[in-house]
Amino acid sequence: MKLLRRAVIAIGIAGFGAAVLRLRGVGGTPPADGGWRELSGPELS
Amino acid sequence: MRLTVVGAGAVGARLARSLLSDPAVTAVAVDEIDDRRRAEVLEALADERASVAAEDHEAHGADVVVLAQPAGDHVERAQAALAGGAHVVSLSDDVAEVRALLALHQAARVAQRTVLVGAGFSPGLTCLLAVHAARHLERVDEIHVARVGVAGPACDRQQQRALHALSIDWRDGLWLERPGGAGREQCWFPDPIGGVDCFRAARPEAMLLVPLFPDVQRVTARLGTNLRNPLLARLVGRRRVPADGPPGAVRVEVRGQGPDGYETIVLGCMDRASVAASAVAATAALSLGEGAGLRHGAGGVAELLEVLPVLQRLAEGGVRAARFEGSVP
Numbered sequence: 095m096k097l098l099r100r101a102v103i104a105i106g107i108a109g110f111g112a113a114v115l116r117l118r119g120v121g122g123t124p125p126a127d128g129g130w131r132e133l134s135g136p137e138l139s
Numbered sequence: 022m023r024l025t026v027v028g029a030g031a032v033g034a035r036l037a038r039s040l041l042s043d044p045a046v047t048a049v050a051v052d053e054i055d056d057r058r059r060a061e062v063l064e065a066l067a068d069e070r071a072s073v074a075a076e077d078h079e080a081h082g083a084d085v086v087v088l089a090q091p092a093g094d095h096v097e098r099a100q101a102a103l104a105g106g107a108h109v110v111s112l113s114d115d116v117a118e119v120r121a122l123l124a125l126h127q128a129a130r131v132a133q134r135t136v137l138v139g140a141g142f143s144p145g146l147t148c149l150l151a152v153h154a155a156r157h158l159e160r161v162d163e164i165h166v167a168r169v170g171v172a173g174p175a176c177d178r179q180q181q182r183a184l185h186a187l188s189i190d191w192r193d194g195l196w197l198e199r200p201g202g203a204g205r206e207q208c209w210f211p212d213p214i215g216g217v218d219c220f221r222a223a224r225p226e227a228m229l230l231v232p233l234f235p236d237v238q239r240v241t242a243r244l245g246t247n248l249r250n251p252l253l254a255r256l257v258g259r260r261r262v263p264a265d266g267p268p269g270a271v272r273v274e275v276r277g278q279g280p281d282g283y284e285t286i287v288l289g290c291m292d293r294a295s296v297a298a299s300a301v302a303a304t305a306a307l308s309l310g311e312g313a314g315l316r317h318g319a320g321g322v323a324e325l326l327e328v329l330p331v332l333q334r335l336a337e338g339g340v341r342a343a344r345f346e347g348s349v350p
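Each protein sequence line maps, in turn, to chains Y and C.
The numbering used here applies: residue 95 is where the first sequence begins, and numbers increase by one.
The numbering used here applies: residue 22 is where the second sequence begins, and numbers increase by one.
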């Protein structure tokens, strides 16, 4: 019974961790500087 | 030049109009199973060169057949078009279908025709941008593609399927399959789209890009969605998608060794997905019709067409690529 309880708790913690990782992911930092510039002229030749 | 457009949805209808704007086009036949939709599109086109496709049009007639219908029967239609002596342009972004279309390589070579696979917004424009970015590098190590936005309701359904299927990435010489809808990463797209959560999804970009870069170590492709987790999409039900789709964007990040050190080049494009996809497909179809295909066989748009002329033509039509300048986060 004790072993089963520990297994359930372990699975629960692992599931919670996986859910957090899945939702949180990586990235999210906006570019600190710069921006988008359309390609034109020599960049397309 | 005679062309057939299969499918008259958000992309197919625009595509037919784009083709008719070229004076070299003598006929565009529209093949659409929905009679009412087909009639609407032909009426809107209001051009005597546009007509209803004959039932057996694939057997004879067209120089180029463009497959713009939802994924499902692109392979069968491509085989029929090849048998009829036409080049093929497919906009399918379904992984299994893209793989099967690429397998038509030998058949296309025997027929001395070209099958352009994934000639849309993504894949399509994404592959062109990746090759264009790679021109600035001596060695390409990584390519990361992201896309946000749908071309219409059918495209939205396809994206939902992709988010719930296995993603296929390239890593250190091996194909890596991982569950779609996971691995959130916020990607920054051209303005005004900005930052969007992107997830792994069943996207065919890696299959089309790896043959172009034999030494590349990593190729990934992600789909952006405004829902925090795509699994929630199933819980909240289907979103209502406008017929033409909302504004979308693609982003291609290429990393590698440049002449002045290790570089990361980020190219992107913001437009309605239906507009950009139809522009890429129309340019590809016209290029093939003009005999500008680099060789016979099946392959991606960046593999079988000269990239720069296609990008120039797209820019002239209003689909303009952009480069991110600054610190890449």
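Calculated from the structure, these hints are not laboratory results.
From a predicted model like this one, the values you see are computed outputs, not experimental measurements.
Built from N, CA and C at the ideal position, the CB exists for glycine as well.
A portion of the hints provided could be inaccurate.
What the hints assert, rightly or not - Listed next, the stretches of chain C that the computed footprint assigns to chain Y, with coverage defined by at least 3 CB atoms under 8 Å from CB atoms of chain Y:
| no. | stretch |
| --- | --- |
| 1 | 119-133 |
| 2 | 301-312 |
Claimed, not checked - Calculated Cβ distances over 12 Å to all of chain C for the following chain Y residues:
| no. | residue |
| --- | --- |
| 3 | Arg100 |
| 4 | Val102 |
| 5 | Ile105 |
| 6 | Ala108 |
| 7 | Arg131 |
| 8 | Leu133 |
| 9 | Leu138 |
Mind verifying the non-interface call on Val102/Y? Its CB should be farther than 12 Å from each CB in chain C. At roughly 23 Å from the nearest Cβ of chain C, Val102/Y sits farther out than 12 Å, so the non-interface label holds.
12 Å cut-off, C-beta based - Arg100/Y kept clear of every residue in chain C: Non-interface label stands for Arg100/Y: nearest chain C Cβ at 27 Å, farther than 12 Å.
Are all C-beta atoms of chain C more than 12 Å from that of Ala108/Y? 15 Å, holds
Confirm or reject the statement that Leu138/Y sits farther than 12 Å, beta carbon to beta carbon, from all of chain C. Non-interface label fails for Leu138/Y: nearest chain C Cβ at 5 Å, not farther than 12 Å.
Against chain Y, does the stretch 119-133 of chain C show at least 3 residues with beta-carbon separation below 8 Å? violated (count 0)
Cut-off 8 Å, C-beta pairs, minimum 3 residues; does the coverage of the stretch 301-312 of chain C by chain Y stand? Coverage by chain Y is violated for the stretch 301-312 of chain C (0 residues, Cβ < 8 Å).
For Arg131/Y, which was marked as not at the interface, is the minimum beta-carbon distance to chain C over 12 Å? Violated, since 6 Å does not exceed 12 Å.
Non-interface claim for Leu133/Y: all C-beta distances to chain C beyond 12 Å? Given that some Cβ of chain C is not farther than 12 Å from that of Leu133/Y, nearest at about 5 Å, it is violated.
Ile105/Y and chain C, when compared Cβ to Cβ, separated by more than 12 Å: 18 Å, holds
Hint compliance for this structure: hints 1, 2, 7, 8 and 9 are not met, and every other hint is.
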